[in-house]
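Chains as they are written, first to last, in our numbering: chain U, 458 to 881; chain H, 3 to 557.
Hints are computed from structural coordinates only; laboratory data are not their basis. Please note that a few of the clues may not be correct.
Capping the alpha-carbon separation at 25 Å, the derived lysine-lysine pairs in PhoX-like fashion look like this [as the list claims (entries may be wrong)]:
id, chain 1, residue 1, chain 2, residue 2
1, U, LYS678, H, LYS330
2, U, LYS680, H, LYS330
3, U, LYS678, H, LYS200
4, H, LYS208, U, LYS734
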Amino acid sequence: MTEMTDAGVWQEVPSPFCGIASDDLIIKVEGNNVSIIENGDAVTKKGFETPITDTSPRVNGKDVSLDEAVTHIADLIRTSKQPVIGGMATDLNGARSAMALADKSRATVDNMDSEAGFRNTLVLQDTGWMVTTLTEVRNRVDLLLIIGSDLESEYPRFFERMVWNEESMFDQEIESRQVVYLGKRPSGDASTSPKGKKAQVLACEDADLPEVISVLRALVKGKGIQAEQVGDIAVSDLAVLAEQLKQAKYSVVAWAAGHLEFSHAEATVQTVCEMVKELNLDTRSSGLPLGGKEGGITVNQVSAWQSGFPMRTNFNRGYPDYDPYLSDTARMLENDEVDTLVWISSFNVDRTPPQSNAKTIVLGRSGMTFAQEPEVFIPVGTPGIDHAGRAFRTDGVVSVPLRKLRDSGLPSTFDVLTAVEQEL
Amino acid sequence: MLTKLTGGRIYDPANSINNEVKDIYIRDGKIVSAPSDGQFDKEIDVRGKVIMAGAIDMHTHIGGGKVNIARTMLPEDHAADVVARTELMRSGCGHAAPSTLTAGYRYAEMGYTAGFEPAILPINARQAHMEMGDTPIIDKGGYVMLGSDDFLLRMMASNGDQEAINNYVAWTMTHSHAIGVKVVNPGGINAFKFNQRKLDLDEKNKFYGITPRDILMRLATAVKELGVPHPLHVHGCNLGVAGNLEMTIDTMEGINGLPMHMTHIQFHSYGTEGDFKFSSGSAQIAEVINKHKNITADVGQILFGQTVTASGDNMRQHAAHPFASPNKWVCMDIECDAGCGVLPFKYKDQSYVNALQWMIGLETFLMVDDPWRVFLTTDHPNGAPFTSYPHLIRLLMDKTFRNDILSTLHPEAQKASHLASLDREYTLYEIAIMTRAGAAKLVGLADRGSLSVGAGADITVYTDNEDREKMFTKPDYVFKDGTMVVKDGEIVEVTWGTTHVVKPEYDNSIEKSLKPYFDKYHTQKMGNFKISDDEIVDDGRGSITVQPLHAGGKI
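Using the sequences provided together with the hints, build the complete structure.
Here you go:
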């Protein structure tokens with residue numbers, strides 16, 4: 458449990474900032490200053506240590522009371538014909554309040570990382586998948602295949618915690634684990650084993666990945682391939698990889714959907730997932746979709762259980778209406794389909810709302826700066842620092858309890874949105 | 003405020019009251035005795051109406067990871083049953099995998115006031131409670147799943163003593179806020195991770211050398227010794243496999259008299275006779291249940307149409323994946339703790355197997371003599387959505403209706419079943435046992451399922467109707483903790499139920515082995531695994547009700 462041992466020092470603090478939700482951080486709090494003493498990395502350091510600047514809500518650039526800001530938001534939403542609740546970077550109760558408000562105000566909900574998230578969701582809804590979770594990886598993986606992703610840039614401690622841990626529960630020799638990158642090269646050495654064994658890299662351009670993955674799947678299925686080269690990769694190398702996958706007892710095929718930045722990447726994710734299913738006819742293999750930083754998984758989960766549908770659902774007609782294309786709010790904003798945007802971004806000061814002509818309300822992390830001042834800005838607390846909360850990890854199974862580490866007085870997203878809903 | 007329900011016909015098996023006209027008084031959420039001065043504040047005339055306690059669904063998948071995967075996977079199923087917002091109610095969706103909000107409303111509309119999620123993975127318990135926390139009106143709770151978790155299997159492999167296992171079971175129940183313990187395909191979910199594709203009752207896990215029989219015995223003993231009222235809740239080996247009948251019988255007989263609940267037993271009652279090599283084993287199963295008073299069962303009735311199957315049994319779900327309809331499915335290995343599998347499925351009345359499954363379920367209901375030991379479930383949503391309960395009740399209460407449907411089903415299946423010759427029709431009193439008094443006793447709810455003075459005022463009032471489906475679809479009134487939440491089948495007030503748990507005692511020294519286990523092998527700290535009471539109470543909408551234990555102690 459997250460707890461304060463010495464004055465101001467918190468043990469076992471979970472991070473909601475990246476999808477693997479490491480919960481072994483030791484954090485020191487002095488007043489409003491937070492610093493990670495142990496087990497920090499680039500992502501969590503920024504996440505926890507970003508200082509508080511603004512504490513006052515603003516309407517049209519002028520400081521106002523929280524009540525005035527809430528009333529102003531309620532007025533904007535009441536008169537809106539097409540409100541959007543976007544961003545949705547928040548915790549469990551923030552998501553609950555956003556869904557309640559969307560339902561009442563007939564808004565559309567979407568998450569700032571939906572572009573990436575839907576590369577997975579569309580596959581889940583079309584053909585499904587076989588996937589695993591982080592503790593299984595930590596104890597069982599013998600071959601880790603990484604598709605088109607540079608994991609350590611976004612999940613700096615993934616290898617330390619899930620691959621190069623000291624011991625497996627099942628007598629596996631950790632050093633014998635194999636790591637193969639297909640597509641992108643790793644940006645650093647996190648994937649190198651403790652004794653210095655480097656990951657194997659079969660590099661290709663992102664644009665070639667769909668073809669490369671299709672060939673790999675065909676080889677796993679035992680189909681003959683005429684070509685000798687696909688992308689920049691020799692088919693013979695892919696044949697070796699296919700054989701490795703078939704021989705492995707518990708291979709894990711990981712990808713970070715956010716790194717698959719090419720058109721219709723969901724089709725490639727689907728090919729990967731179908732290949733994993735086919736491997737399971739004889740041996741065990743699992744997919745591992747990595748994502749879900751800053752509340753991305755949490756809000757999709759809450760949306761699914763409260764409405765039946767994930768993000769990109771609108772309530773215009775009084776009931777949930779899911780459409781991953783029409784309710785893509787980036788597209789809606791670009792097309793001027795939105796008159797009022799509520800942008801929730803409580804984790805990361807850099808995640809500001811997209812430029813648009815909509816009247817914009819930001820519930821943002823303190824310290825956020827804007828190219829164009831929004832009509833309303835309320836600096837809100839960050840879950841797991843300024844208020845308690847809960848957040849899901851990338852696997853959508855494990856969730857972590859977030860603690861209040863300091864008394865900044867910043868309201869939570871839940872507080873603000875619930876107050877708005879009550880005014881409607 | 004004192005409310006009087008005047009002149010109803012009471013069916014209250016907990017007090018052996020069978021169709022007697024009595025008044026009921028409600029104050030502060032409880033049933034109270036008649037006031038000595040005869041004064042009351044409000045009277046509701048229920049003369050001629052049928053009155054029962056609120057119904058309790060003792061096995062329904064309403065919250066947790068696999069249910070939410072099912073929801074996310076099935077936008078096309080929801081689209082046919084989206085539910086608009088009203089003044090009182092949030093929008094949502096219904097059918098196979100309803101939204102939490104709609105599930106709560108619909109349960110209440112049918113006169114149900116409690117539902118128990120039977121498969122809470124310890125590591126996913128936080129999510130299960132979040133979802134149940136967003137399920138309005140009804141009370142809830144759940145059974146925590148053990149038996150494929152590596153911590154237990156490691157203890158067993160190293161011959162850990164029973165007391166240590168009891169401590170672990172109680173610790174897990176406490177920190178996941180459970181009211182019972184479930185085992186799913188005992189050890190099979192774990193064995194699947196080692197690429198074993200089936201696991202018979204006496205077959206060893208490749209790594210641990212432990213058999214399902216060992217696991218059942220250890221867990222059933224733990225539950226009994228800890229004094230947990232709900233017997234070990236067992237989803238047996240080889241679900242859905244033709245010929246699993248014998249193993250199911252062996253499972254029941256082999257537990258040596260320990261209390262054990264066999265869940266969705268319909269899926270475990272299959273023989274291999276006939277041209278289709280698939281036959282009904284319900285007669286043998288019912289005979290064993292009738293003989294062994296330590297055994298209870300719920301049926302897991304299937305009904306025809308589209309649904310989705312969501313199970314912890316990823317070994318069996320993986321084997322069944324060719325039958326997914328529409329063709330999409332999910333299997334997961336989960337956290338050295340458990341697993342899950344989700345497959346949409348369409349039961350067809352012109353399929354021999356599906357038709358016979360329908361008959362096997364009904365045969366089981368009709369051939370188990372004691373309604374206190376058999377329970378009305380569809381294993382929602384695996385056999386059918388819970389909204390089909392009124393239809394199922396009519397099938398049990400109306401032989402003509404049952405046989406009319408039977409006569410339309412796959413002709414070879416009709417020949418393979420003797421359902422048409424079973425004359426039994428359930429009475430209202432027996433329905434009240436199965437869905438109220440018996441269910442409360444089985445789950446371990448001391449203050450629910452009865453109309454006793456002092457019980458929580460969860461009350462359902464029906465208009466008697468020969469068409470039992472109509473009668474049970476739309477009660478006149480439903481009271482939840484004394485508040486009228488339904489009138490004429492419509493929600494009139496939205497309340498929030500409690501979460502029922504038990505708190506068995508244990509020696510906290512179990513944490514001396516659990517903490518290093520979490521540190522070394524897990525990706526979450528032991529302390530963060532534990533769910534605090536605050537998380538369930540949340541912003542004040544939720545609450546925890548601790549139910550009493552039985553006398554435990556060494557067997």
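Verification of the supplied hints:
1. Simply put, LYS678 of chain U and LYS330 of chain H have alpha-carbon atoms about 19 Å apart, close enough for the 25 Å limit, and the pair holds.
2. This hinted pair checks out: LYS680 of chain U and LYS330 of chain H have alpha carbons roughly 24 Å apart, not beyond 25 Å.
3. Note on LYS678 of chain U and LYS200 of chain H: the hinted pairing holds, with a Cα-Cα distance of about 24 Å set against a maximum of 25 Å.
4. In summary, the hint linking LYS208 of chain H to LYS734 of chain U is supported, as the alpha carbons are separated by about 22 Å, within the 25 Å threshold.
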